[in-house]
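Q: Whenever a hint applies, use it, and build me the whole structure from the sequences.
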Amino acid sequence: MSTMKVLKINDGSAAVVSALIPSLRPNHILVKTIAVALNPTDWKHIWAFSGTAGCTSGCDYAGVVTAVNPGSAFKPGDRVAGWTHGGNISNKEDGSFAEYLVANEGIALKIPEGVSFEQAATLGVGVTTVGQGVYQTLGLPLPAPGQEQRQGVDGEQQREKLLVYGGSTATGTLAVQFAKLSGFEVIATSSPRNFAMLKALGADAVFDYNSPTVGADIRKHTANRLYYAFDCISEGNSAQICADALSTDTAARKPAYAALLYTELPREDVVAKVTMAYTVFGEGFWKPFGPGNYLASAEDYEFGKKFWKLSEKLLEEGKLQVHPPDVRDGGLEGVLEGLRELKDGKVSGKKLVYKIAQP
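Counting from 1 along the sequence shown, just add 387 to a position and that's the residue number in the working numbering.
Note that these hints are calculated values from the structure, not bench results.
A couple of the hints might just be wrong.
Stated by the list, open to error - Simulated pairs of lysine to any residue, SDA-like, Cα-Cα distance not exceeding 25 Å:
| no. | residue 1 | residue 2 |
| --- | --- | --- |
| 1 | K419 | S503 |
| 2 | K700 | A531 |
| 3 | K730 | R715 |
| 4 | K733 | A587 |
| 5 | K700 | G501 |
| 6 | K497 | F690 |
| 7 | K700 | A454 |
| 8 | K660 | W673 |
| 9 | K674 | L729 |
| 10 | K692 | V455 |
| 11 | K392 | P427 |
| 12 | K479 | S569 |
| 13 | K737 | D713 |
| 14 | K700 | D465 |
| 15 | K660 | R606 |
| 16 | K497 | I476 |
| 17 | K497 | E480 |
| 18 | K660 | K700 |
| 19 | K696 | N680 |
| 20 | K392 | V455 |
| 21 | K660 | A685 |
| 22 | K479 | E689 |
| 23 | K586 | K706 |
| 24 | K692 | S569 |
| 25 | K693 | G705 |
| 26 | K641 | P653 |
| 27 | K660 | F690 |
| 28 | K696 | S569 |
| 29 | K431 | G464 |
| 30 | K660 | K706 |
| 31 | K497 | P532 |
| 32 | K674 | F436 |
| 33 | K706 | L529 |
| 34 | K392 | G464 |
| 35 | K737 | G589 |
| 36 | K641 | H608 |
| 37 | K497 | P746 |
Unchecked claim - Listed next, with one range per pair, are the computed distances between beta-carbon atoms:
| no. | residue 1 | residue 2 | range |
| --- | --- | --- | --- |
| 38 | E547 | A402 | 46 to 54 Å |
| 39 | A402 | A744 | 18 to 26 Å |
| 40 | D656 | Q745 | 53 to 61 Å |
Beta carbons are placed, not taken as given, at the ideal position from N, Cα and C, and that holds for glycine.
A: This is the structure we're talking about:
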């Protein structure tokens, strides 16, 4: 078989069409797609961004390796999960919403026993985004495999604190878990219906993001000692709330804020940065936002490979729980319907996962 079904982007729409199975590239693996998960970036590349016509849609995947390059860490038959650069204007063959895909083997993991394809499919974008935002940008210490949660040197009161704004998102739930494994006190925001889930994952305190005093409440709760914020929403008033929550005591050091999208933080005494997950692949690309032309980053690629190896180990040790998957049938046609639900704001506290094939 030389052709496959794939979800291709048109001008302001998308459709399932036939296309050639992608060719194996250096440092990549060819994967038969078993399950895919949906992210906001997927629908944005269809309905919000220009210039993506002809691109393959989709990022997160789980599947079975069918072909590798010499010297690969993977072999045919391996169960793997990761993500691809869906909607890539610079290489329209990239993307996971297809019956077969090519994926960078450094940004992938072997799925451990006891973890299903559908569960593993939820990890892709979230793992990289947490790695870049929480560790590369904010500089938290990485968790150590084989050890329990790190403890603060001088006890509970001296632990550093991290605010995860949008804690119930797929990226947020991973950020909460990673930060706890790094020994941080974790404060999160979400709607009240997701409080219990976040506390079960390790959040020390959870606040209602809809409260008009949420920023001030968090600052009071942290005794004005919150110096790190990871904004998993980066839209609406999220930057303002993070600014209100971060410490105003900047004599010794400045607070740090990491966002997923380009947004203005209304404080000049905070170090604010934006992470762009797509740089993890070590390839240059173009997007209709930000600087437009993104240069290849060897630094991001090397860190990404390291962080994915760490994530594989933590998952194998049972220290990471995946975001609750809402598993559906319907294949690639169903994916398009799910993307519309995601676009319309009908998904909260779960991740839409679609079965593409049988293992």
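Q: Against this structure, judge whether each hint is valid.
A: Tested hints:
no.	hint	in the structure
1	K419 <-> S503	holds, 15 Å
2	K700 <-> A531	holds, 10 Å
3	K730 <-> R715	holds, 17 Å
4	K733 <-> A587	holds, 24 Å
5	K700 <-> G501	holds, 14 Å
6	K497 <-> F690	holds, 18 Å
7	K700 <-> A454	holds, 24 Å
8	K660 <-> W673	holds, 19 Å
9	K674 <-> L729	holds, 21 Å
10	K692 <-> V455	holds, 17 Å
11	K392 <-> P427	holds, 22 Å
12	K479 <-> S569	violated, 38 Å
13	K737 <-> D713	holds, 6 Å
14	K700 <-> D465	holds, 16 Å
15	K660 <-> R606	holds, 21 Å
16	K497 <-> I476	violated, 28 Å
17	K497 <-> E480	holds, 23 Å
18	K660 <-> K700	violated, 28 Å
19	K696 <-> N680	violated, 29 Å
20	K392 <-> V455	holds, 21 Å
21	K660 <-> A685	holds, 19 Å
22	K479 <-> E689	holds, 24 Å
23	K586 <-> K706	holds, 15 Å
24	K692 <-> S569	holds, 19 Å
25	K693 <-> G705	holds, 19 Å
26	K641 <-> P653	holds, 14 Å
27	K660 <-> F690	holds, 17 Å
28	K696 <-> S569	holds, 16 Å
29	K431 <-> G464	violated, 33 Å
30	K660 <-> K706	violated, 28 Å
31	K497 <-> P532	holds, 16 Å
32	K674 <-> F436	holds, 8 Å
33	K706 <-> L529	holds, 14 Å
34	K392 <-> G464	holds, 21 Å
35	K737 <-> G589	holds, 17 Å
36	K641 <-> H608	holds, 19 Å
37	K497 <-> P746	holds, 15 Å
38	E547 <-> A402: 46 to 54 Å	holds, 48 Å
39	A402 <-> A744: 18 to 26 Å	holds, 19 Å
40	D656 <-> Q745: 53 to 61 Å	holds, 55 Å
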